[in-house]
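Numbered by the working numbering, the letters in the sequence shown go through residues 13 to 171 in order.
For the record, the hints were derived by calculation from the structure and aren't laboratory data. You may find that some hints are simply not true.
Unchecked claim - Once the Cα atoms are required to be at most 25 angstroms apart in a straight line, the calculated DSS-like pairs of lysine-lysine come out as:
no.: 1; residue 1: Lys-144; residue 2: Lys-85
no.: 2; residue 1: Lys-36; residue 2: Lys-47
no.: 3; residue 1: Lys-47; residue 2: Lys-88
no.: 4; residue 1: Lys-88; residue 2: Lys-144
no.: 5; residue 1: Lys-47; residue 2: Lys-144
no.: 6; residue 1: Lys-147; residue 2: Lys-88
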Amino acid sequence: MYAGDYDEFFPCVQMVYPAPVGTKFWYDAVQPYLKSTQILQCPSEPNRAVGYGWNYPHAGYRLDLNHQVHMSKIAKPAEMFLFADSNTGSYWQYLYCACCWPVPPGIRDATNVVSDRHNEGANLGFVDGHAKWMKTATIISNNSATQALWGHPTPATVP
């Protein structure tokens, strides 16, 4: 629904606006489309208001840097996820693409990857609107199917 109202562009993980609004995140941008904020809370993480991270950078990084992704750029909307269960940590709203680069220590550490809190798997929300559970090991592996999950048109390309 958000993309439909914004010329087919998805929100970014960071929606940076001029003062006094400041930085908002993808879940703030989709808030008006939700009947309840509880949908953003994973029942397995009751102490977190939002339990999901955004597919950074393939689904949009920062609005102020013009990193929004247009729906027409998504080659396989039924295969690419927008968000998934995330680990707790300082940057939990981001999900770093495991098949683009090795996850270095520091900001892109284990706190920035897809969670395995649901029987060694995670729930994913896809571009076409469907949701699905998958094993986390599959989501963070490096093969053709995983490349499509993150939004790579082919295993050799990175959008």
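Hints versus structure:
1. For the given pair, Lys-144 sits about 22 angstroms from Lys-85 by alpha-carbon distance, which is consistent with the 25 angstroms threshold.
2. The straight-line distance between the Cα atoms of Lys-36 and Lys-47 is roughly 19 angstroms, inside the 25 angstroms bound, and the hint therefore holds.
3. A hinted pair counts as satisfied when its Cα atoms are at most 25 angstroms apart, and Lys-47 with Lys-88 does not qualify at roughly 28 angstroms.
4. Only pairs whose Cα atoms come within 25 angstroms are accepted, and Lys-88 paired with Lys-144 is accepted, the gap being roughly 15 angstroms.
5. Restraint check for Lys-47 and Lys-144: the C-alpha separation of about 21 angstroms stays at or below 25 angstroms, so the hint holds.
6. As the CA atoms of Lys-147 and Lys-88 are separated by approximately 20 angstroms, the hinted pair is consistent with the 25 angstroms bound.
Hint violations for this structure: number 3 only, all remaining hints satisfied.
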